[in-house]
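Sequences listed follow chains A and B, in order. Residue numbers are given in this note's numbering: position 305 of the first sequence equals residue 305, and the series is strictly consecutive. To get this note's numbering, take the position in the second sequence, counting from 1, and add 354.
If you're looking for bench data, these hints aren't it; they were derived computationally from the structure. Hints are all accurate, no fakes.
Straight-line Cα separation of at most 25 angstroms, DSS-like style, residue types lysine-lysine; simulated pairs:
1. K58/A <-> K46/A
2. K46/A <-> K391/B
3. K20/A <-> K65/A
4. K19/A <-> K65/A
5. K58/A <-> K43/A
6. K43/A <-> K391/B
7. K65/A <-> K391/B
8. K459/B <-> K447/B
9. K391/B <-> K447/B
10. K58/A <-> K391/B
Output of the computed footprint for chain B on chain A, the stretches with three or more beta carbons under 8 angstroms from beta carbons of chain B:
11. 32-38
12. 63-71
Note that beta-carbon positions come from the ideal geometry of N, C-alpha and C, so glycine has one too.
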Amino acid sequence: MNTNLIDNYVSEIGRRLPKKTRGDIEAEIRSILQDMLDERSQKAGKPVDEEMTLEVLKAYGAPEKVAATYQGERYLIGPRLYPIFMLVLRIVLVVVGVLAAISLGIALSHMLNPQNAVETVLTAIGNFIVSVMTALGNLVLVFAIIEWALFRAGAKVDFKGIPNEKEWDPRSLLNVSPSSLIKVGETIAEIVGACVAIIIFNFYPQILGFGIFSNGNWYVGAGTAVSTPLLSQAFFHFVPYLTVVWVLTILLDIGLLRMGQWNTMTRISFIGLKVINIGIAAAMLGAPTLLALTAASLTPALGSAESAHSLLTLLDLFVRIALWLTIFGSIVEIIRAISRLATKEVIPHFAGNR
Amino acid sequence: MTNESFENGILELRRGVILLAVLSRLDQEQYGYSLIKRLAEAGLEIDQGTLYPLLRRLEGQGLLQSAWRVETDRPRRYYVLSDEGRTLLPRLKEEWIAIVSIMDKLL
Numbered sequence: 001m002n003t004n005l006i007d008n009y010v011s012e013i014g015r016r017l018p019k020k021t022r023g024d025i026e027a028e029i030r031s032i033l034q035d036m037l038d039e040r041s042q043k044a045g046k047p048v049d050e051e052m053t054l055e056v057l058k059a060y061g062a063p064e065k066v067a068a069t070y071q072g073e074r075y076l077i078g079p080r081l082y083p084i085f086m087l088v089l090r091i092v093l094v095v096v097g098v099l100a101a102i103s104l105g106i107a108l109s110h111m112l113n114p115q116n117a118v119e120t121v122l123t124a125i126g127n128f129i130v131s132v133m134t135a136l137g138n139l140v141l142v143f144a145i146i147e148w149a150l151f152r153a154g155a156k157v158d159f160k161g162i163p164n165e166k167e168w169d170p171r172s173l174l175n176v177s178p179s180s181l182i183k184v185g186e187t188i189a190e191i192v193g194a195c196v197a198i199i200i201f202n203f204y205p206q207i208l209g210f211g212i213f214s215n216g217n218w219y220v221g222a223g224t225a226v227s228t229p230l231l232s233q234a235f236f237h238f239v240p241y242l243t244v245v246w247v248l249t250i251l252l253d254i255g256l257l258r259m260g261q262w263n264t265m266t267r268i269s270f271i272g273l274k275v276i277n278i279g280i281a282a283a284m285l286g287a288p289t290l291l292a293l294t295a296a297s298l299t300p301a302l303g304s305a306e307s308a309h310s311l312l313t314l315l316d317l318f319v320r321i322a323l324w325l326t327i328f329g330s331i332v333e334i335i336r337a338i339s340r341l342a343t344k345e346v347i348p349h350f351a352g353n354r
Numbered sequence: 355m356t357n358e359s360f361e362n363g364i365l366e367l368r369r370g371v372i373l374l375a376v377l378s379r380l381d382q383e384q385y386g387y388s389l390i391k392r393l394a395e396a397g398l399e400i401d402q403g404t405l406y407p408l409l410r411r412l413e414g415q416g417l418l419q420s421a422w423r424v425e426t427d428r429p430r431r432y433y434v435l436s437d438e439g440r441t442l443l444p445r446l447k448e449e450w451i452a453i454v455s456i457m458d459k460l461l
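Chain B with its partners taken away, still in its complex shape (with noise of 0.2 angstroms):
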């Protein structure tokens, strides 16, 4: 049961960044499978399940835009930061430093 609770709490607290993770690393443009291993790379591992419908909610919302491309030797889906989602970026960025500073605080 705790160990439920924790992995509950864990989600919980994940569906919270994964937003702000996402908009961070498509300043420039990424296709799905290099997006996952980027946030990967640093850390964040984003199961795949969660990450593509995300981006596809993000362009819908009009955060982002994608493009089909060539490049190499087949087709892939290239995502970025729309005019809108470069504005919202940075003031998410700030919210969540003063999330930080607050938890720190608590915690």
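Chain A with its partners taken away, still in its complex shape (with noise of 0.2 angstroms):
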């Protein structure tokens, strides 16, 4: 017998199996090799040569081909976690798209010379690309890494929210009211919002200021060219209970997505949400002014006192209506949500459920 091919062969399937199992599967096709060959040698009536060693692995099939026999479908991202991969997908592409707009508008509106606006656009576009393909990269390894986990757990863990059919209640479709659905649209813009202002606050809270070019024009927007910051200090304190808070508003949307609809939890999840929003509004009304600008800082540009003076006390005035109204509209939201768990319908029995 040929011990030479049938331990290659053996040892090139083990490879590709976990190490665990290896050495038992290896030994068990081992034998049933051996098996095979006594069986062909008896009916041959010689004993076990190479030709007949070449068969009977010809006959088992491809290492490559046992080997999967062994391992089952294995997925890097398997059909249970796909779904939400590809929610989460849509999102972050939406999220580098937006973020891509933004530097490219914050990039010509800054460029000095016209002609480099292809330049510019064509420099936009790579980096448009580079940040998609690093997304994907490190959105697919998040994703395998959590497949692969579960598969070493052997977790029979479903990620689509559908419930198992013990679980699920027909009923359940009774209590579905148009009121109660969520609106996806606006629901992926909330989380892309959020995820804008989480790394423009976070990590580049520069682009936000005010300028003057060398020609005398000024402007309020964002870039590198900047002089002059447009939030000021007391605004960044409150940056971290934002990012909390917008940190929260994207889980509850990814939760209300998966859901589709809402329910009791998501709506006292969101009616706390809006009460810390109410609180960080009100404590920002009670701060130092929120803007960094000063009448000094404005007077080149508008060229008196006086009027830097009024404009800001009119961006002043601006920002701490908007402070009131983020309350305002945030009481209003407290009480329809609040409305909607008190009129919540009641299920109706069906007759012969009693």
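Since each chain comes alone in its own frame, lean on the hints to assemble the complex.
Here it is as structure tokens:
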């Protein structure tokens, strides 16, 4: 018998198998191959030779194929994670797209020489492609790790939010009212907005600023040419709290997208978030000015200290109005959510189910 | 195309019966190759790539138990029904008989 052929064949299969079961499966295949060879040798009435060994190995199949039969189906991102992967992917791509558009806008608005427009746009496209590839790569990596961990744990977790047959009650269909269905577009827009806000205020706070070009024109906007920041230190003290709210908003929205409709828990969480919002807005109203602009920094652009002063007063008023509107809007939303909670339909019982 | 559909249909049909066929032969212990032979003699040809991994999966599910033993000249892995497998087999048989009678009526 050509043991070398068999050894190589078995180890070719073995190296494609997980370490845990490798030795055992190798031994079993080896013993089966020897049984097959014995049988052929008996039938042929001659000892096992190389030709016979080759025939048996051919019949047993290519090592890759044999190894695959022991592995079951393996996925980088399996069916249970795929729906949520696609959801997160869409959100991430929209966020990357929005950020790319913002940075292109900034780059174009700060371009002193219009002849560089083509170069600026091409650079932006290049950056966008790199960002998309990076985001996609990281996302796939994260999901692949989760998939692998679930596989290792042998978990039978269902991430599609689909209840199993026993838990599912057809009567839940009666409880779906148009007001409890979530608006997918709005929810995704909110997630995108929160992501952009988290990224800008935490990582690029300097891009929101006020500056004066060498030709005397002034602007309020963003970019590296900024000379004076638009928002004050007082504002940035609130950023950690705002970030928490944005992160919680994203988590709630992802939960809502998965469930497709509001329930008691999500409504209570929503109310909680709105209460925190009111708290932050109220604290901002009581804080020193949120704008970093001063009459002195505006005077050169506006020509006189008086007009600079009135613009500043106006801007400050706008900020205050915006904060009051936030508080007022949140109160309205809380009342609406509470009324939906209170008027929740009583689930009718089936006649036969008493 | 028709041929391919036929092959697929056959595969689907066999997939359903292999489990029962395998369990039915394992009230006495068998090693892999002897089991495949016994099934083939009875007229059921099972691909080795299907049978051996299936035996391991069934053992993992607790329906079979196995042990390495040296008989005649070399070690072989012997499989036999576990207690759980022995309880399950008659219930599956009953289900199979019911399916056959329904299918007889349908066909």
